[in-house]
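Peer 1: As a plain string of letters, each chain reads:
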Amino acid sequence: MPKVTVDGLEIEVPQGATVLQACELAGKEIPRFCYHERLSIAGNCRMCLVEVAPGPPKPQASCALPATEGQIIKTDSEMVKKAREGVMEFLLINHPLDCPICDQGGECDLQDQSVAYGRGASRYDENKRAVTEKYMGPIVKTVMTRCIQCTRCVRFAEEVAGIEEIGAIYRGENMQITSYLERAVTSELSGNVVDLCPVGALTSKPYAFNARPWELKKTPAIDVMDAVGTNIRLDSRGRAVLRAVPRINEDVNEEWANDKTRHAVDGLTHRRLDKPYVRKDGKLVAVSWQEAFEAIKANWSGEAAVVAGDMVDCETMFAARELAGNAMLEGRQTGLAYDTSSLSAVNFNTTIAGIENADVILLVGSDLRREAPLVNTRIQKAVRKKGAKVFAIGPETDLTYKVEWLGDDLGALSKAPKALADALKTAERPAIIVGGGALRYEGVHGAALAFAKKYKLFKDGWNGFNVLHFAAARMGGLMLGYAFDGGIKTLAAKKPKLAFFLGADEVDYSLFAKTFKVYVGHHGDNGAANADVVLPGAAYSEKSGTWVNLEGRVQRGERAVFPPGDAREDWAIFRALSDVLGKRLPFDSLDELRAAMTKVVSSLGQEGLADYGWAEPKLDAKVSGKIADYPIKDFYLTNSICRASPTMQRCSSELVHGQQWLEAAE
Amino acid sequence: MADAVHIPDEAETRAKWGGFAFNKANKKTADMYVARYPAGRQQSAVMALLDLAQRQVGEETKTQGWLPVPVIEYVAAYLGMPYMRAYEVATFYTMYNLAPVGRFHVQVCGTTPCMLRGSDDVMAACKNRGLVKGGTTPDGLFTLTEVECLGACANAPMVQINDDNFEDLTYDSMSALLDALANDKPVKIGPQIDRQTSCPEGGPTTLKEMVKANHDYRKDW
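Chains as they are written, first to last, in the working numbering: chain A, 349 to 1014; chain B, 22 to 242.
Think of the hints as simulated: they come from the structure by calculation, not from any bench.
What you are looking at is a predicted structure, and each value in this text was computed from that prediction instead of being measured.
Every residue gets a Cβ at the ideal spot worked out from N, C-alpha and C, and that includes glycine.
Do not rely on the hints blindly, as some may be mistaken.
Unchecked claim - Calculated cross-link-like contacts (lysine to any residue; reagent style SDA-like; alpha-carbon spacing at most 20 Å):
hint	chain 1	residue 1	chain 2	residue 2
1	A	Lys734	B	Ala60
2	B	Lys45	B	Glu80
3	A	Lys729	B	Pro103
4	A	Lys565	A	Phe910
5	A	Lys750	B	Lys154
6	A	Lys737	B	Gly61
7	A	Lys750	B	Lys37
8	A	Lys737	B	Gly101
9	A	Lys750	B	Gln64
10	A	Lys750	B	Arg106
11	A	Lys734	B	Arg62
12	A	Lys729	B	Glu80
13	A	Lys733	B	Pro103
14	A	Lys733	B	Lys154
15	A	Lys750	B	Gly61
16	A	Lys737	B	Ala60
17	B	Lys154	A	Asn522
18	A	Lys733	B	Arg62
19	A	Lys733	B	Ala60
20	A	Lys750	B	Met102
21	A	Lys750	B	Gly101
22	A	Lys734	B	Gly61
23	A	Lys750	B	Ala60
24	A	Lys733	B	Gln64
25	B	Lys37	A	Leu529
26	B	Lys154	A	Tyr518
27	A	Lys729	B	Gly61
To be verified - Take a look, some chain A residues computed to stay more than 12 Å from chain B by CB distance:
hint	residue
28	Ala505
29	Ser527
30	Lys802
31	Ala877
32	Asp936
33	Gly961
Using the sequences and the hints given, assemble the complete structure.
Peer 2: Pasting the structure below:
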């Protein structure tokens, strides 16, 4: 561990640290544009210059200079100050003075740093260069004249997103950042370049000219678009959520968020249910809460079935369960019926951060890029940085890294092809990921467990058995018993008289033709269209809730705004309904509800990884057949919020359907 | 960027060049280049292959050649690298033409040494013959580009036409050169005055005694 001196302060830095990191450890702020902790080092903006001895008697770029024993680093000398002023002056030569009309204003690195480290005025009289706008897709708006060529976006596209579609063309003064032939960037993570851009060259298209950062209320929340449980911050003004940006959580999303997480929020103000409805003569009619409750009471027999949707929080599921009884609960809307006797056997046991360390990974019917883009980036990292090998069973699809496809025959699980068997033999940390595309088939779950045992996927401190869910409510639902033996079809076959559907929009409602259907949700989608009574609830941004992500991590989000119109928080709806039905629920506040919930499922009371232990259920391991396709056909339209979002619809038509059309034309 | 080349319409180039592939001889050469790099590092051959592809396009169009987008993509696919990375290389280097050029690509050096020695006259000779900066003459013969230093400053002013340098030019010799090229007459490559490569003008100025026979200078020291 080298010892260095930063501005007279002697500190010890980790081996391999750069001078910039050493300065940060010493508590010194080093201005930078191109350097980013999660990207490779480029060293091209020159803003991080410091004075280092021993070495040449000139300022050095600290981001690319390794810290070595005995270095004396100065970050506040006259030379450093002059160097920074000089670099800043050069950077501003071609940067337009359009801060008042720039969306980055207020959260712009260039703005902040020119105030802190720049000269007071410009000495430049010549014309500034101008660059044409580049088209980068429906998410990223470009004003390329503002670009300072830090190449963060280029490195992000290559290293994290795994799509090399952004690059720098031409050279010298003519250098321009662009997507390939100015086509839309085909990444689920393209929105992240907006956060990475230190200036206003890449800004968010849907959010353009909507708000200034200082007028937004910022609320920490949990994303529900997929099961990763991305930590987000909801920025709201008045009653509208204007944008969602990721918070840093090394264990879950690092500092990324996918495009659905970021931009489905405009769906929160479209197609909302803001009044209770009751079906009269085949038509949904707006009614009062009282009338809606009376309609439910008429069909109440002391218990009911509950089907939970993909985005509901644990509190809602718990309240519904307390009211309706826990005999008929189901959360797997699309008909999956895997065994849930052991929660650890349907969990992502390796953990999201842990999968980075795997050296051989087998994907079984899992289109990771669409089902959990941020898990995909972890595997991409494992492949790129640590040389992991990835095998996959299922129809071929582009996962952004090299995959050895073993065909779509599930038989490969019981009899591994030679390449896979050989790789597993020498693997130290092998892992298997079973996706929803495979769990549909009988025996896959058991065969995967047998496979894990046979190839020693369990080692000391390493559990390589993973099931990948892609509904935010799934793990929480399973913990609360939302799994009916035999799946939703068997549940429907029991012909419940009354059923509550908690934001369940992917259910095949024809199964419940004879059931009195109560939809509690926030969007007028498939569920509301088929319901007999519609109770307007709150979306994830409008309630404090607990969600459990695919690795069993219990996380809490807070309320950013209030539900629209007459809509109420879901648990409060059940509490009010319970009074009418004469089965009063024993909690009057969210805190009381949480206390009651913790009593039933103790791990829901504490944020962090829930401990499921490891128990292996005895399952039939006989498997045959082929994986026909993957469950997510259109990444941008997977739930009622994004189906209501104009941005997501545009993404879908342009990136999913437009692309097919382009390919067909070529 | 005002004089940036106008890249032809994409649909048109795709229709014309979509089926591009190396011919037999070039494929052999390409594989020879690729084989120079260790396995997994084939991408290093991108510059050589782009040049090869440009030359093949040149043969097919009877010009100096250029790189249509589908050709760049072909080379990228040939080396298993993303299109964007090959496109970056093609746009970075001025020796790759992103737009069609004429049979003779006249690159006039206008950097300081050439400018001081009369590159303006050379440029004027070109203009007089109807060549326009960044454009191709209507007969498809000449494309004129002003370039930065081509590294032959000792022989300034100079132009590069296709693969050859023409040096020590004047207004007259440049005009004569263009005429000869246009009329398919043989031209002298290198200095256009009586001078061997970049040796001193008018014979040696040092080591004169060495011209005829070997001479031991050590006793003169």
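Peer 1: Next step is simple, just say for each hint if it's right about the structure.
Peer 2: Taking the hints in turn, this is what the structure says about them:
1. The straight-line distance between the Cα atoms of lysine 734 of chain A and alanine 60 of chain B is roughly 19 Å, inside the 20 Å bound, and the hint therefore holds.
2. Between lysine 45 of chain B and glutamate 80 of chain B, the direct Cα distance comes to roughly 14 Å. Compliance with the 20 Å bound is thereby established for this hinted pair.
3. In summary, the hint linking lysine 729 of chain A to proline 103 of chain B is supported, as the alpha carbons are separated by about 18 Å, within the 20 Å threshold.
4. Annotation: proposed proximity of lysine 565 of chain A to phenylalanine 910 of chain A holds, straight-line Cα distance about 13 Å (limit 20 Å).
5. With a C-alpha separation of about 46 Å, the suggested pairing of lysine 750 of chain A with lysine 154 of chain B is violated against the 20 Å cut-off.
6. Of the supplied pair hints, the one linking lysine 737 of chain A and glycine 61 of chain B holds, its CA atoms being roughly 16 Å apart against a limit of 20 Å.
7. With a C-alpha separation of about 32 Å, the suggested pairing of lysine 750 of chain A with lysine 37 of chain B is violated against the 20 Å cut-off.
8. Restraint check for lysine 737 of chain A and glycine 101 of chain B: the C-alpha separation of about 19 Å stays at or below 20 Å, so the hint holds.
9. For the suggested pair lysine 750 of chain A and glutamine 64 of chain B, the alpha carbons sit about 17 Å apart, so the restraint of at most 20 Å is met.
10. Note on lysine 750 of chain A and arginine 106 of chain B: the hinted pairing holds, with a Cα-Cα distance of about 18 Å set against a maximum of 20 Å.
11. Taken as a hint, the lysine 734 of chain A and arginine 62 of chain B pair is honoured in the structure, with Cα atoms around 18 Å apart against an allowance of 20 Å.
12. Of the pairs offered as hints, the one joining lysine 729 of chain A and glutamate 80 of chain B is violated, with about 44 Å between alpha carbons and a cut-off of 20 Å exceeded.
13. In summary, the hint linking lysine 733 of chain A to proline 103 of chain B is supported, as the alpha carbons are separated by about 18 Å, within the 20 Å threshold.
14. A distance of roughly 47 Å separates the Cα atoms of lysine 733 of chain A and lysine 154 of chain B; the hinted pair therefore is violated under the 20 Å criterion.
15. For the hint pairing lysine 750 of chain A with glycine 61 of chain B, the CA-to-CA distance comes to about 13 Å; that is within 20 Å, so the pair holds.
16. As the CA atoms of lysine 737 of chain A and alanine 60 of chain B are separated by approximately 18 Å, the hinted pair is consistent with the 20 Å bound.
17. Distance check on the hinted pair: lysine 154 of chain B and asparagine 522 of chain A sit about 18 Å apart at the alpha-carbon level, within 20 Å; holds.
18. Among the hinted pairs, lysine 733 of chain A with arginine 62 of chain B is consistent with the structure: their alpha-carbon atoms are about 17 Å apart, no more than 20 Å.
19. Restraint check for lysine 733 of chain A and alanine 60 of chain B: the C-alpha separation of about 18 Å stays at or below 20 Å, so the hint holds.
20. Taking the CA atoms of lysine 750 of chain A and methionine 102 of chain B, the gap is near 13 Å; set against the 20 Å cutoff, the hint holds.
21. At most 20 Å may separate the alpha-carbon atoms for a hinted pair to count; lysine 750 of chain A and glycine 101 of chain B meet this at roughly 12 Å.
22. A C-alpha spacing of about 16 Å is found between lysine 734 of chain A and glycine 61 of chain B, which places the hinted pair at or below 20 Å, so the restraint holds.
23. Distance check on the hinted pair: lysine 750 of chain A and alanine 60 of chain B sit about 16 Å apart at the alpha-carbon level, within 20 Å; holds.
24. For the hint pairing lysine 733 of chain A with glutamine 64 of chain B, the CA-to-CA distance comes to about 19 Å; that is within 20 Å, so the pair holds.
25. Only pairs whose Cα atoms come within 20 Å are accepted, and lysine 37 of chain B paired with leucine 529 of chain A is accepted, the gap being roughly 18 Å.
26. Distance check on the hinted pair: lysine 154 of chain B and tyrosine 518 of chain A sit about 19 Å apart at the alpha-carbon level, within 20 Å; holds.
27. Only pairs whose Cα atoms come within 20 Å are accepted, and lysine 729 of chain A paired with glycine 61 of chain B is accepted, the gap being roughly 19 Å.
28. Its beta-carbon lying about 9 Å from the closest one in chain B, alanine 505 of chain A breaks the requirement of being farther than 12 Å from that chain.
29. Look at serine 527 of chain A: its CB is around 8 Å from the nearest CB on chain B, not clear of 12 Å, so calling it non-interface is violated.
30. The non-interface label for lysine 802 of chain A is consistent with chain B: the shortest C-beta to C-beta separation is roughly 32 Å, beyond 12 Å.
31. Residue placement check: alanine 877 of chain A keeps its beta carbon more than 12 Å from all beta carbons of chain B (closest about 43 Å).
32. No beta-carbon of chain B comes within 12 Å of the beta-carbon of aspartate 936 of chain A; the shortest separation is about 59 Å.
33. Every Cβ of chain B is farther than 12 Å from the Cβ of glycine 961 of chain A; the closest lies at roughly 43 Å, confirming the non-interface assignment.
Hint violations for this structure: numbers 5, 7, 12, 14, 28 and 29, all remaining hints satisfied.
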